Amino acid sequence: MILQLDSIEKRFGGLQAVKNCTFNVEKGKIIGLIGPNGAGKTTIFNLITGALKSDGGTVHFKGKDVTKLLPHQRVKLGLARSFQDVRALSEMTILENIILACPSKYAESPLLSLFRPDQVRKEEKENIQKSLDILNYVGLKGKENEMAGSLSYAEQKLLIIARLLATEAELLLLDEPTSGLDPTSLARFIELIRDLINKGKTILIVEHNVSLISEIADKIIFLHQGEPIAEGHPKELAKNKDLRNIYFGG
Amino acid sequence: MEIVIGFAIIASIYVILAASLNILMGYTGIFSMAQGAIFGVGAYTAAILQTQFNFNFIFALIGAIIVAGIASAIMAIPSLGVSGDYFVVASFGMQMLLFSFFMNLTDITNGSAGIQRIPRPEFFGFVVGSDIAYLILSVVLTVLVLLFLISVTKTGFGRVLRAVKEDESVVMSLGKDPKRAKIVATVLSGCVAAVAGSLYAGYVTYVNPNSFTVHESVFITTLVILGGLGSWKGVTVGTIILLGLPELLKLLPISDSHAAPIRQVLYGLLMIVFMIVRPQGIFGATPKSSIQVIPDEKNTAAVIGEEEKA
Amino acid sequence: MDIFWQLFLQGVILTVEYALIATGFGIIFSTTRHFHIAHAGVFTLAGYTLFIFVSLLNIPIIGSLILAVLIAALAGIGIYRGIYDQVLKRGGTMMTLFIAALGTLAVIENGFQAIFSATPQAVESESMYKIITIFNGTITLAQLIFVIVGIIVLLGLQFFMLKTKTGRLIRAVAVNPYLSQIVGISIKKINMICYAVGSALVAIPACYITIDAGALSGRGLELVIISMMAVIMGGIGSFVGGWIAALFVGMFFNLSVLHVEPHWQSAVIFVIFLIMIMVRPRGLFGQRA
Numbered sequence: 001m002i003l004q005l006d007s008i009e010k011r012f013g014g015l016q017a018v019k020n021c022t023f024n025v026e027k028g029k030i031i032g033l034i035g036p037n038g039a040g041k042t043t044i045f046n047l048i049t050g051a052l053k054s055d056g057g058t059v060h061f062k063g064k065d066v067t068k069l070l071p072h073q074r075v076k077l078g079l080a081r082s083f084q085d086v087r088a089l090s091e092m093t094i095l096e097n098i099i100l101a102c103p104s105k106y107a108e109s110p111l112l113s114l115f116r117p118d119q120v121r122k123e124e125k126e127n128i129q130k131s132l133d134i135l136n137y138v139g140l141k142g143k144e145n146e147m148a149g150s151l152s153y154a155e156q157k158l159l160i161i162a163r164l165l166a167t168e169a170e171l172l173l174l175d176e177p178t179s180g181l182d183p184t185s186l187a188r189f190i191e192l193i194r195d196l197i198n199k200g201k202t203i204l205i206v207e208h209n210v211s212l213i214s215e216i217a218d219k220i221i222f223l224h225q226g227e228p229i230a231e232g233h234p235k236e237l238a239k240n241k242d243l244r245n246i247y248f249g250g
Numbered sequence: 001m002e003i004v005i006g007f008a009i010i011a012s013i014y015v016i017l018a019a020s021l022n023i024l025m026g027y028t029g030i031f032s033m034a035q036g037a038i039f040g041v042g043a044y045t046a047a048i049l050q051t052q053f054n055f056n057f058i059f060a061l062i063g064a065i066i067v068a069g070i071a072s073a074i075m076a077i078p079s080l081g082v083s084g085d086y087f088v089v090a091s092f093g094m095q096m097l098l099f100s101f102f103m104n105l106t107d108i109t110n111g112s113a114g115i116q117r118i119p120r121p122e123f124f125g126f127v128v129g130s131d132i133a134y135l136i137l138s139v140v141l142t143v144l145v146l147l148f149l150i151s152v153t154k155t156g157f158g159r160v161l162r163a164v165k166e167d168e169s170v171v172m173s174l175g176k177d178p179k180r181a182k183i184v185a186t187v188l189s190g191c192v193a194a195v196a197g198s199l200y201a202g203y204v205t206y207v208n209p210n211s212f213t214v215h216e217s218v219f220i221t222t223l224v225i226l227g228g229l230g231s232w233k234g235v236t237v238g239t240i241i242l243l244g245l246p247e248l249l250k251l252l253p254i255s256d257s258h259a260a261p262i263r264q265v266l267y268g269l270l271m272i273v274f275m276i277v278r279p280q281g282i283f284g285a286t287p288k289s290s291i292q293v294i295p296d297e298k299n300t301a302a303v304i305g306e307e308e309k310a
Numbered sequence: 001m002d003i004f005w006q007l008f009l010q011g012v013i014l015t016v017e018y019a020l021i022a023t024g025f026g027i028i029f030s031t032t033r034h035f036h037i038a039h040a041g042v043f044t045l046a047g048y049t050l051f052i053f054v055s056l057l058n059i060p061i062i063g064s065l066i067l068a069v070l071i072a073a074l075a076g077i078g079i080y081r082g083i084y085d086q087v088l089k090r091g092g093t094m095m096t097l098f099i100a101a102l103g104t105l106a107v108i109e110n111g112f113q114a115i116f117s118a119t120p121q122a123v124e125s126e127s128m129y130k131i132i133t134i135f136n137g138t139i140t141l142a143q144l145i146f147v148i149v150g151i152i153v154l155l156g157l158q159f160f161m162l163k164t165k166t167g168r169l170i171r172a173v174a175v176n177p178y179l180s181q182i183v184g185i186s187i188k189k190i191n192m193i194c195y196a197v198g199s200a201l202v203a204i205p206a207c208y209i210t211i212d213a214g215a216l217s218g219r220g221l222e223l224v225i226i227s228m229m230a231v232i233m234g235g236i237g238s239f240v241g242g243w244i245a246a247l248f249v250g251m252f253f254n255l256s257v258l259h260v261e262p263h264w265q266s267a268v269i270f271v272i273f274l275i276m277i278m279v280r281p282r283g284l285f286g287q288r289a
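For the record, the sequence lines run as chains A, B and C. Taken in order, the first sequence gives residues 1 to 250; the numbers are from this note's numbering. Taken in order, the second sequence gives residues 1 to 310; the numbers are from this note's numbering. Taken in order, the third sequence gives residues 1 to 289; the numbers are from this note's numbering.
Calculated from the structure, these hints are not laboratory results. Any given hint might turn out to be false.
[Said to hold, decoys possible] Derived lysine-lysine pairs resembling DSS-like cross-links, with alpha carbons at most 27 Å apart:
1) A:LYS130 to A:LYS76
2) B:LYS154 to A:LYS141
3) A:LYS76 to B:LYS154
4) A:LYS27 to A:LYS219
5) A:LYS241 to A:LYS29
6) B:LYS154 to A:LYS125
7) A:LYS76 to A:LYS62
8) B:LYS179 to A:LYS105
9) A:LYS76 to A:LYS125
10) B:LYS154 to A:LYS122
11) B:LYS154 to A:LYS105
12) A:LYS19 to A:LYS235
13) B:LYS179 to A:LYS76
14) A:LYS29 to A:LYS239
15) A:LYS19 to A:LYS68
16) B:LYS154 to A:LYS130
17) A:LYS53 to B:LYS179
18) C:LYS188 to C:LYS163
19) A:LYS199 to A:LYS29
20) A:LYS19 to A:LYS241
21) B:LYS179 to A:LYS68
22) A:LYS76 to A:LYS29
23) A:LYS143 to B:LYS154
24) B:LYS179 to A:LYS64
Fair warning: this is a prediction, and the values are worked out from it, not measured in the lab.
Whenever a hint applies, use it, and build me the whole structure from the sequences.
Here it is in structure tokens:
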């Protein structure tokens with residue numbers, strides 16, 4: 001199990017947003033997180049990544065207790081997420097957006113850079129090459145120097161994947177990565193996601209597109225009012241009438 | 001001619017100050033109202049080390065850099081975890097606090113009387129006595145500081161700063177620590193301001209608290225904003241223009257006691273007008289990418305080049 | 001005992017000063033989120049206006065006071081509509097606005113200094129300096145009127161905020177500006193009211209200090225900054241929090257005089273502020289972000 005959540009909970013003032021949240025994610029699989037709006041999916045993402053502090057319970061990543069770690073620390077361990085609203089750094093080029101995500105000894109320490117300029121140059125060159133390769137791989141070839149703000153919507157979604165790849169994270173949390181995509185881009189995306197699994201990644205994905213998730217997920221976790229209420233293979237859950245009512249009904 | 005040299009020396013000191021604030025405000029997006037006081041910390045440290053402990057200029061400069069760096073870290077660490085508004089208030093408070101130190105730690109700083117008879121720098125027996133010699137020293141230091149800062153901004157660290165300015169949550173989600181980057185940027189900014197402080201102390205040979213008030217902080221902020229946030233051209237050319245403008249005032253028949261506040265009124269009006277009409281300042285624009293990729297047959301060539309839009 | 005009582009009385013006066021400035025800034029900031037540093041300029045403007053009316057135009061003191069408060073309110077609205085709104089309309093950020101506010105402050109403070117010099121301008125009013133004795137402590141009539149008016153204004157403001165429709169609208173906008181826009185409340189109108197009220201509030205201590213010590217530019221900034229700290233420590237959006245913080249600051253400045261040297265007092269307040277924002281950033285009664 002690459003990720004283990006145990007009794008995670010979170011309350012906002014009077015609202016219990018997440019409770020009794022316990023589930024595991026197996027390495028190398030695609031796990032889908034679905035549920036009606038407001039079920040707490042993004043909140044759970046925030047709790048897994050550490051953007052929000054949980055009120056109770058633990059998060060174990062690769063067997064290690066990460067409950068108290070800050071988000072950037074978890075990324076360094078191999079756990080990274082994307083945002084529903086993309087959040088491309090529009091004032092920087094696409095290449096820079098990707099390089100930013102590359103692990104770097106010198107990125108946070110100008111002092112080191114001062115004393116080891118040749119090492120800094122070497123690392124930068126390697127990261128540039130790595131980022132270019134990723135950029136080409138996701139399908140943004142030729143757009144390196146464009147401002148991220150000028151990308152089309154579909155291209156921005158590809159940038160998300162590129163950035164995640166650059167972090168070298170093993171567990172990728174994707175928050176509605178395909179929302180609003182046209183069918184061609186969607187197909188390309190599914191290909192990418194499948195390829196990521198081939199590369200050894202594990203994916204936890206929040207999605208509203210139920211047919212999409214049924215197609216690609218190995219397992220689905222169904223969330224309702226902040227609590228996982230069902231877990232299983234997509235085909236089984238699809239047969240469950242109660243779940244359908246919760247999702248589509250009142 | 002002497003006036004021009006004197007002006008040039010003061011201009012280089014302010015260029016260094018504007019550069020120090022540019023790293024903080026232009027690149028990292030942190031608004032600090034304490035730069036006047038940090039400038040003072042640098043000046044006072046250099047003055048004390050030279051007059052009380054007989055340090056020479058270089059060691060006094062290093063001492064000033066260290067002390068100013070520490071002071072900046074103390075200001076940054078508690079307040080950078082909270083929102084920008086809180087930090088502005090905290091920096092105002094820091095400014096007041098440091099000014100209070102200058103005024104009241106009389107054993108160390110001599111209070112409102114200030115520290116006098118700071119020696120001119122001496123290198124291997126050669127005293128930088130004449131103004132022209134001091135100008136050369138100032139320009140050399142200014143160029144070194146600018147080259148250093150510009151090269152820092154071209155590194156991965158510079159990229160992190162620009163990203164922090166735009167969206168901290170993204171920076172965190174990509175594995176970098178925004179709080180640490182902000183603290184480093186603040187300390188860096190303080191260290192550079194200390195260089196200006198040492199230059200100032202050595203030139204004027206006298207420091208007193210009234211040179212390092214909140215009005216000084218506001219003035220340095222004005223220089224950076226009007227020159228252009230994030231622009232090195234703005235920091236240099238912009239500062240020189242902005243310092244030079246009120247010199248034209250001196251040609252008018254206005255008494256000295258009126259000249260100073262009138263000059264401030266002009267700067268204030270300029271700030272208002274610019275923020276409405278051209279908020280990016282004279283030379284400002286968002287700092288451009290430090291990397292431009294030039295494709296070759298194998299698409300493996302990448303060139304790190306400076307590109308900055310005027 | 002006498003000296004404590006006297007210091008306590010002075011502390012009350014200082015508390016009311018800070019409470020008025022803090023509440024004034026607080027109304028503006030919690031509703032608009034504008035970092036209205038030019039508030040210190042409105043303070044100065046109110047003081048000089050009073051001086052002009054009383055000593056130059058010979059208008060009776062009561063009338064002058066009312067006029068000064070009204071003019072301050074208008075100035076606040078003027079700064080908002082004439083400067084801040086223009087900045088924001090053209091796509092300026094909150095920080096751009098802050099810079100414009102700094103510029104405005106510089107223009108006001110230095111403008112008055114250029115005209116009236118750096119010497120305090122005395123406001124002539126014999127009646128205001130009449131001494132009144134309370135249980136062996138002495139204060140001037142000006143101080144007594146100031147404290148009474150100040151407390152009435154603050155309580156009246158609290159009533160206005162809690163019980164009137166406009167007051168509730170202002171609080172709604174403060175809690176959730178986006179929601180208010182959806183509901184259709186005119187944000188601009190609400191903001192204007194806040195600027196008017198906030199500026200009027202700061203004019204009151206400005207007038208009192210002007211009567212007490214003369215009109216002088218530059219006094220406002222340190223007071224406003226300490227008041228901002230009080231607003232944050234009390235909790236943005238909470239009047240009572242701001243008043244409690246103002247009480248603490250006012251009493252601290254006076255009662256601690258026996259143990260802390262005056263020139264270190266601001267430093268202590270600042271350190272307390274730093275600790276507070278680290279340990280409990282939302283302040284005493286503020287909402288969690």
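Hints versus structure:
1. A:LYS130 to A:LYS76: 17 Å, holds
2. B:LYS154 to A:LYS141: Since the Cα atoms of LYS154 of chain B and LYS141 of chain A sit roughly 24 Å apart, the hinted pair holds (cutoff 27 Å).
3. A:LYS76 to B:LYS154: 23 Å, holds
4. A:LYS27 to A:LYS219: 12 Å, holds
5. A:LYS241 to A:LYS29: Given that 27 Å is the threshold and the Cα spacing comes to 26 Å, the pair holds.
6. B:LYS154 to A:LYS125: Distance of about 13 Å is within 27 Å: holds.
7. A:LYS76 to A:LYS62: Distance of about 13 Å is within 27 Å: holds.
8. B:LYS179 to A:LYS105: 17 Å, holds
9. A:LYS76 to A:LYS125: It holds: about 21 Å lies between the C-alpha atoms, which stays within 27 Å.
10. B:LYS154 to A:LYS122: The hint holds at about 14 Å.
11. B:LYS154 to A:LYS105: Status holds; Cα separation ~15 Å.
12. A:LYS19 to A:LYS235: Between LYS19 of chain A and LYS235 of chain A the Cα gap is close to 26 Å, so the pair holds against 27 Å.
13. B:LYS179 to A:LYS76: Given that 27 Å is the threshold and the Cα spacing comes to 16 Å, the pair holds.
14. A:LYS29 to A:LYS239: Holds, at about 22 Å.
15. A:LYS19 to A:LYS68: 18 Å, holds
16. B:LYS154 to A:LYS130: 18 Å, holds
17. A:LYS53 to B:LYS179: 17 Å, holds
18. C:LYS188 to C:LYS163: 21 Å, holds
19. A:LYS199 to A:LYS29: 11 Å, holds
20. A:LYS19 to A:LYS241: Distance of about 23 Å is within 27 Å: holds.
21. B:LYS179 to A:LYS68: 17 Å, holds
22. A:LYS76 to A:LYS29: With Cα atoms ~21 Å apart, LYS76 of chain A and LYS29 of chain A stay inside 27 Å; holds.
23. A:LYS143 to B:LYS154: Given that 27 Å is the threshold and the Cα spacing comes to 21 Å, the pair holds.
24. B:LYS179 to A:LYS64: 24 Å, holds
The structure is consistent with each of the numbered hints, conforming to all of them.
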